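Engineer: Please model the entire structure based on the sequences and the hints provided.
Sequence positions in the sequence shown follow the numbering used here and run 36 to 960.
The hints are simulated quantities; they were obtained by calculation from the structure and are not laboratory data. A few of these clues could be false.
To be verified - In the DSSO-like style, the derived pairs of lysine-lysine whose C-alpha atoms are separated by at most 30 angstroms in a straight line are:
(1) K780 - K735
(2) K735 - K839
(3) K711 - K839
(4) K711 - K791
(5) K839 - K369
(6) K711 - K793
(7) K780 - K791
(8) K794 - K780
(9) K793 - K735
(10) K711 - K735
(11) K369 - K264
(12) K461 - K369
(13) K780 - K793
(14) K839 - K794
Stated by the list, open to error - What follows is a list of derived Cβ distance ranges for each label pair:
(15) W792 - Y609: 35 to 45 angstroms
(16) Q595 - R496: 16 to 26 angstroms
(17) T682 - L565: 37 to 47 angstroms
(18) H688 - V642: 25 to 35 angstroms
(19) V642 - A723: 19 to 29 angstroms
(20) D602 - I650: 19 to 29 angstroms
(21) A760 - T682: 11 to 21 angstroms
(22) L627 - F841: 50 to 60 angstroms
(23) R594 - H914: 22 to 32 angstroms
(24) S666 - V805: 54 to 64 angstroms
(25) I858 - R767: 21 to 31 angstroms
Owing to the predicted nature of the structure, the values given are computational and were not obtained by experimental measurement. Even for Gly, the Cβ is constructed at its ideal location relative to N, Cα and C.
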Amino acid sequence: MTLPSRPGPLPVLLCCGLAGGLAAGIPASADAQGTPPPFRVDPALLGLPPVSAAPTVRPTAGAAAQTQAVDLSTTDARPLPATGERTAERAGEAPGRAGPARAALAPAVQAPQVPSSAQSAAAQPVGEGLPAASAEAPETATTPLQLRLAKSMVAPPKETSEPRPAFLSAQRISGVTDRELLAEDDAELRKLGTVLTADRLTYWPVEDEVEALGNARLQIDEDVISAPKMRLKVEDQVGFADNASYFLRRQANPDKSAAGGAAADKLPAGPAPGDFSSGFAAPRLVDLKPGQTKVKGPKKPVKELTEGRGEAQRIDLEGENQVRLSGATYTTCKPGNDDWMLSARELQLDYDQDVATGSDATIRFMDVPILYSPWVSFSLNNERKSGFLTPTYGSSTESGVEFTLPYYWNIAPNMDATFAPRILTKRGVELATDVRYMNAAYGGAYFSKARVEMLPNDRVRGLDRWGVALTHTQTTASGFTGSLSFNRVSDDYYYTDLSSQISSTANTQLLQQGQVTYGGGGWWNISGMLQTFQTLQPDPRNPVGQPYRLLPQIVVNARQPDLYLTDSAFFGQYSNFTSPEANRVTGQRIVLQPQVSLPYVTPGWYVTPRLGVNITHYSLSQPATAVTAPSSISRNLPIFSVDSGMTFERASHWFGREYTQTLEPRLFYLNIPYRKQDDIPIFDTALADFNFAQIFADNKFSGWDRINNANQLTAATTSRLIDPASGAEIMRAMLGQRLYFADDKVALQPGTATRKWKKSDLLAAFTGQVLPHVYTDATLQYDTGDQQFQRYSFGARYLPEAGKVFNAAYSYNRNAATPIRQIDISGQWPLTSRWQVVGRYNYSFLQNQPIEIIGGVEYNAGCWVLRAVGQRVVTSESHVSTRAYLQLELSDFSRLGANPLVLLQRRIPGYGIANQSLDERAWNE
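Structural biologist: Given below as structure tokens:
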């Protein structure tokens, strides 16, 4: 039957599945003409956008299955007389008006198939599972079920055995009932998150398969594929598209996302592609803190969506989250921007594992090939995966041109390794290996990390170079914790030759330590430690002293904060000091210090008197040149102190805002009698730094080989500005000084000069926000007797927004072992919307030379970033190293070249990465 002529195109909508299911639940309740009462189906219940004049679905009685044509050119628009059919009629519409109609298909059960003629404004519901009224059933059957409005839209479950509804609409629909449907002109198929449009659609309901021809566009959730031709099994998401373009937008796998934190038996994120910086003892893998058993998520927001687009000669959909591309391109740039592109002969996108693998791959930048690989693999959401990382390039004055090709092995969720051969044109080939292992079982956890570097036959030094760094931390359910740290290198110049980091080149004491602690008692714990160092001598003009070895040291701590209204504590330590040098004093030291406090605390003030005693005993082994020195020394010292303080608050108005201002005075009195200590050797003791923490301490020395005599009073005050709404501290200012009532008689070495005045240097400090986006820090130590500054530092930071920072600081210290007088300026600032400059200038006025110079530019094009950075650093008094970094970052994909990001983040406070997509995530306890 042909369609009657109508003014303009006539849209037709065929609903497959759900509408039929609704109609199937309505028993045949007929009126005198055998017509059941009509009802209206809300399109929202079918998952469709609203349409005008929704149709009425009518099941009619009859046993014989035969085709029923609907002719809307008649004024009544009712079906021709017949039995055993189901028809769809527009409800509430004036006779003779044409418009879209709906019916349903459910491909779960095949019904008798009959041919149907072309349909116009009314589409015939072709479906199975729609129970027709039996011929023997009475005409007046049970009351129809009533539809009820839901309070909210609820998505259907992902996994269900129920057949999914499919909705088909077009200007013309024809075909065979429940066998094949042909939709032409503005054809559209919808089914549970899948929308397919084309000039022509052929749909087979039983197989749930569709073929699209002409301007086909498939959208599954947020994925879009466009092609002139495609074929698809709709619900299984299996099919293909020829000569297609695609846009894939997925959320990171929640099981792997860092946003929720990592379990104790899973390692944090591995190295970013291409991020394997050179230099021993600068590990690229994210560290856990000693004893840490859980890793929290990063403080900064984690990007949850990943995007990729491109074209392919053929796209094969191999099920949910599985896409295979042939003759394909891939980029993360926005549509219309093809600045960089990966082309591959085959590319498999596995969104279940968030991994992409391919073959015969070439990376083009600005349409110029820059990298080829016969095999490629990369992460689709920047998570850990096995495979080669992007090679890095660089150069330095010490090693020449450098090339590194790392391979990352994701062994298990709690274990991984990185192998990085590194070519140094002046020195040879170095192999670096990183291994990490983490586990949590039986209430405990442990984390291990090892790094080994080997450079056979260094052509510059003429020797084999190597370095080892091993750390291990472990806890058990029984209350034991343990840690191990072992660091060793082949020679004194290892760091200055092969590392670019000041923190590494200045390292002259390499720790080798093992420690076990038991804290099962709750109020007490005991620990044992073995400790030694490898001492490096990179600068012969500035020799470094060799520390004593502790073989072993045992420490006991106990505290009962509420023992008969007192706060009682005990400290005990046994140390065995040894040395490889034959002419040094060695020996054993025992320290016992019990103490008891009687705190009295009120909301506005507190007073805490404390009484303790320090008992120290030495058993010494003297060198042959000191036969007259004693071999046994004891020292007993009572210690008495009173700590008191008050807190005042008031409302205050500063800089146009309301604050709570505090005034917190504090007095600390200390009394320790004098004991002669000149015969006691110095094992691990030095003069402590004079600061706000130390002026409230019992001893001005670090270590137990010297304990100062004291009859002194420390007075200090602190004032804060606090935001009353959030409780955040906006500013803090401190002022403090110590008054001495007795001469200082204890020194590190006999005859060493002591203080000249009855009061200490004046300490002052300030930190906080002084203006919008301006933060300052200032500290000073002023000798009131000589009326001169002993040291001071001033620093300011201007941070108006992310990516804009300027830092300036000046430091002066006349009391340091090496006096300091330096200026330090650093910053990051955009010149335009895409160009920005970064740099640091650290100059020493005493040495009359810059300590470190960093300068560079960054260009951010949105989907790629180019960085060029140079560094000049003084690694020793007579040694200067220069390095150059050039890096191309392809957003959400990879980094090419030498990586300067670790350098910039460490040396420029407040530095923000121009493109956060590949930023290493910060894992903090």
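Engineer: Kindly confirm whether 16 to 26 angstroms is satisfied by the beta carbon distance between Q595 and R496.
Structural biologist: 58 angstroms, violated
Engineer: Are the Cα atoms of K839 and K369 separated by 30 angstroms or less?
Structural biologist: Given pair K839, K369 holds - Cα atoms ~25 angstroms apart, limit 30 angstroms.
Engineer: Would the hint linking K369 and K264 be met if the CA-CA limit is 30 angstroms?
Structural biologist: Holds - the C-alpha atoms of K264 and K369 are around 25 angstroms apart, at most 30 angstroms.
Engineer: Would you check the hint for K461 and K369, treating anything up to 30 angstroms between C-alpha atoms as holding?
Structural biologist: Violated, at about 43 angstroms.
Engineer: Decide if the proposed pair is consistent with the structure: K780 and K791, CA atoms, cutoff 30 angstroms inclusive.
Structural biologist: Holds - the C-alpha atoms of K791 and K780 are around 12 angstroms apart, at most 30 angstroms.
Engineer: Per the hint of 11 to 21 angstroms, is the separation of the Cβ atoms of A760 and T682 within bounds?
Structural biologist: For T682 against A760, whose Cβ atoms are near 20 angstroms apart, the range 11 to 21 angstroms holds.
Engineer: Within a Cα-Cα threshold of 30 angstroms, do K780 and K793 meet the stated pairing?
Structural biologist: 13 angstroms, holds
Engineer: Below or equal to 30 angstroms on CA atoms is what counts here, so check K735 against K839.
Structural biologist: Distance ~42 angstroms between K735 and K839 Cα, so the pair is violated.
Engineer: Tell me if the straight-line CA distance from K711 to K793 falls inside 30 angstroms.
Structural biologist: 21 angstroms, holds
Engineer: Holds or violated: K711 with K791, Cα cutoff 30 angstroms?
Structural biologist: 20 angstroms, holds
Engineer: Mind checking the alpha carbons of K711 and K735 for me, to see if they're no more than 30 angstroms apart?
Structural biologist: The given pair, whose Cα atoms are some 16 angstroms apart, holds under the 30 angstroms limit.
Engineer: Tell me if the straight-line CA distance from K794 to K780 falls inside 30 angstroms.
Structural biologist: 15 angstroms, holds
Hint check: violations occur at hints 2, 3, 12, 14, 16, 23; the rest are consistent with the structure.
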